[in-house]
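2 protein chains.
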Amino acid sequence: MTKLAEARVADARVADACVAIVGLGLMGGSLAGALRGRCRAVIGVARRVETIETALARGLINRGTTDLPSGVRDADVVILATPVLAILHLLDQIGPLLAADCLLMDMGSTKAQVVRRMAELPDHVQPLGGHPLCGREVSGIRAADPALYRGNTFVLTPLARTSEAALALGVALVEATGATALILDPERHDHLLATVSHLPYVVACALIGAGQAAASTDSAVWETVASGFRDTSRLASSDVTMMLDILLTNREAVLASIDAYQAQLRELAHLLRSADEKSLRSALASTRDQRNRVFGQRC
Amino acid sequence: MTKLAEARVADARVADACVAIVGLGLMGGSLAGALRGRCRAVIGVARRVETIETALARGLINRGTTDLPSGVRDADVVILATPVLAILHLLDQIGPLLAADCLLMDMGSTKAQVVRRMAELPDHVQPLGGHPLCGREVSGIRAADPALYRGNTFVLTPLARTSEAALALGVALVEATGATALILDPERHDHLLATVSHLPYVVACALIGAGQAAASTDSAVWETVASGFRDTSRLASSDVTMMLDILLTNREAVLASIDAYQAQLRELAHLLRSADEKSLRSALASTRDQRNRVFGQRC
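Protein sequence lines correspond, in order, to chains A and B. The first sequence maps to residues 0 to 298 in numbering that gives the first Met the number 0. The second sequence maps to residues 0 to 298 in numbering that gives the first Met the number 0.
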């Protein structure tokens with residue numbers, strides 16, 4: 000088949016697919032809402048009955064269950080949308096529960112460990128790692144937004160065993176959410192994300208920590224914070240379990256990114272300490288230009 | 000006079016005041032727009048004719064001039080709204096140009112050096128340091144927004160020589176912009192702002208630097224950035240001259256805040272390196288709670 004014919008077949012398979020989403024938090028709930036109406040059925044699997052009820056009431060799923068085996072049994076596609084350590088745990092038990100040729104994707108924020116575990120799945124399953132590059136610092140089904148993925152990048156990390164047809168179906172599902180698929184090797188994904196995602200979280204947490212330390216000697220600290228501190232520290236409000244799983248499953252790369260970051264801080268402090276106005280201005284201007292190239296000035 | 004009577008007199012003086020604003024960038028232009036219609040007249044003083052023309056066209060000022068002496072000569076209030084080093088330079092020359100009892104305020108982002116220079120002004124001037132705790136990473140008269148100050152804190156740092164009436168007029172002017180006045184000692188202001196404002200800028204710049212360093216070995220870095228990196232690095236797009244003046248006039252406090260910040264980073268890295276899940280979870284949860292207490296979860 001040509002690539003175009005393959006894509007058309009995959010689109011038809013999306014429309015015909017029964018998709019089970021395991022985990023109905025911000026990411027899973029938003030994905031359910033994005034796919035509902037574009038697939039034959041969206042089934043939600045969650046631990047708590049209240050989560051299912053909220054998802055049903057908000058029209059995010061066609062039906063839901065707290066029972067994993069019955070939720071995934073007839074699904075053509077199963078997407079694991081829990082924090083990473085829970086994904087690893089699910090991968091240990093889910094294989095025998097799945098139908099033949101079932102596409103098993105995940106949305107974990109780190110990929111190397113997940114993909115290594117996926118390689119051990121029974122042969123009748125088609126595994127495909129995934130990670131949407133979007134999110135919010137809020138969590139839970141109540142924060143779910145079917146438009147969350149629109150316009151964002153959604154990384155896919157296929158395994159050697161992933162068939163062309165399974166990958167094409169994964170790409171078509173990603174596109175059905177309004178996102179763009181970016182195919183990456185899982186180790187490369189984790190190294191990149193250590194810098195662009197996990198480091199900013201650590202940076203935000205350390206900023207709150209510095210504020211707390213300063214507040215221990217002058218309680219007016221929190222009266223004088225404004226939008227700059229608020230935005231720079233925003234990620235510190237992220238879901239703790241999600242972030243902890245990320246840090247622990249990408250530990251070496253995150254530690255390396257913190258080291259590289261501290262070198263940048265030391266260099267800026269050195270320029271400031273030596274009051275080298277010309278070099279400092281040039282460093283700050285080049286930094287500003289780099290950011291404006293990536294995000295535009297008003298973002 | 001009672002405090003209330005004093006405030007009423009000050010409000011009447013605001014309505015009757017001719018206010019000259021020197022510097023029509025984001026901060027000065029926004030202040031002009033906030034005060035126009037609430038004061039007898041708002042005069043803009045800028046270096047470039049085009050800036051005056053834009054401010055007039057946008058209805059931010061009643062009249063404008065590029066000539067400092069004629070712009071401030073008849074003003075009851077003069078507010079310096081340039082970067083800090085330009086404020087220091089203006090303070091060296093502006094005294095003899097001002098009318099008797101003129102209230103001379105500034106909006107510089109650091110206060111100790113400015114207030115020390117204000118102490119040397121001729122006796123006929125009433126000096127008052129000021130710093131609105133708001134801003135944007137965009138600059139220039141085109142970004143000016145009369146609502147910029149609304150709901151924000153505006154620090155005032157009076158001198159020993161500042162009269163009660165001059166301080167009350169300063170407070171009334173601040174309130175006319177929709178902001179709330181917070182009176183602080185200038186050194187205390189600078190120490191607080193090092194942590195809550197200048198440090199976040201340095202933190203954001205170092206994050207862009209870490210991104211650049213990572214991009215030198217994998218060019219996909221900038222393809223994988225998302226909203227987290229964007230927001231955490233937002234301040235790196237700030238006006239370079241403004242930030243350079245801030246860093247250079249608050250050098251010791253900023254260096255101390257960078258040191259304190261690096262200690263926080265080292266502690267987080269230590270917990271991660273030792274894979275101490277329990278302590279790491281507890282640190283991240285306490286950080287999240289602190290941020291949510293200050294800003295609420297959805298900011």
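Rather than coming from a laboratory, the hints here were simulated on the basis of the structure. Beta carbons are placed, not taken as given, at the ideal position from N, Cα and C, and that holds for glycine. Wrong hints could be hidden among the right ones.
What the hints assert, rightly or not - Some chain A residues judged to face chain B by a derived CB distance under 8 Å, without partners named: (1) Cys17; (2) His88; (3) Asp91; (4) Gln92; (5) Gly94; (6) Pro95; (7) Ala99; (8) Ala111; (9) Leu120; (10) Val202; (11) Val224; (12) Met242; (13) Arg290.
Against the structure, the hints:
With a least beta-carbon distance of about 30 Å to chain B, the hint placing A:Cys17 at the interface is violated under the 8 Å criterion. Checking A:His88 against chain B by beta carbon gives a least distance of about 15 Å; that is not within 8 Å, so the hint is violated. Interface hint status for A:Asp91: violated, as the beta-carbon distance to the closest one in chain B is roughly 19 Å, over 8 Å. For A:Gln92, the interface hint is violated, since its Cβ never comes within 8 Å of a Cβ in chain B; the closest pair sits about 22 Å apart.
The beta carbon of A:Gly94 is not positioned within 8 Å of any beta carbon in chain B (closest approach about 27 Å), and the interface hint is therefore violated. Hint status for A:Pro95 relative to chain B: violated, with the closest Cβ pair at about 29 Å, above 8 Å. Checking A:Ala99 against chain B by beta carbon gives a least distance of about 34 Å; that is not within 8 Å, so the hint is violated. For the restraint placing A:Ala111 at the interface with chain B, the shortest Cβ-Cβ distance is roughly 15 Å, beyond the 8 Å limit, so the hint is violated.
Using the Cβ-Cβ criterion of 8 Å, the hint placing A:Leu120 at the interface with chain B is not satisfied: the shortest such distance is roughly 26 Å. For A:Val202, the interface hint holds, the least distance from its beta-carbon to any beta-carbon of chain B being 6 Å, beneath 8 Å. Because the closest C-beta pair between A:Val224 and chain B is about 5 Å apart, less than 8 Å, the hint holds. Because the beta carbon of A:Met242 sits about 6 Å from the nearest beta carbon in chain B, less than 8 Å, this interface hint is met.
Because the beta carbon of A:Arg290 sits about 5 Å from the nearest beta carbon in chain B, less than 8 Å, this interface hint is met.
Against the hints set out earlier in the document, violations occur for numbers 1, 2, 3, 4, 5, 6, 7, 8 and 9.
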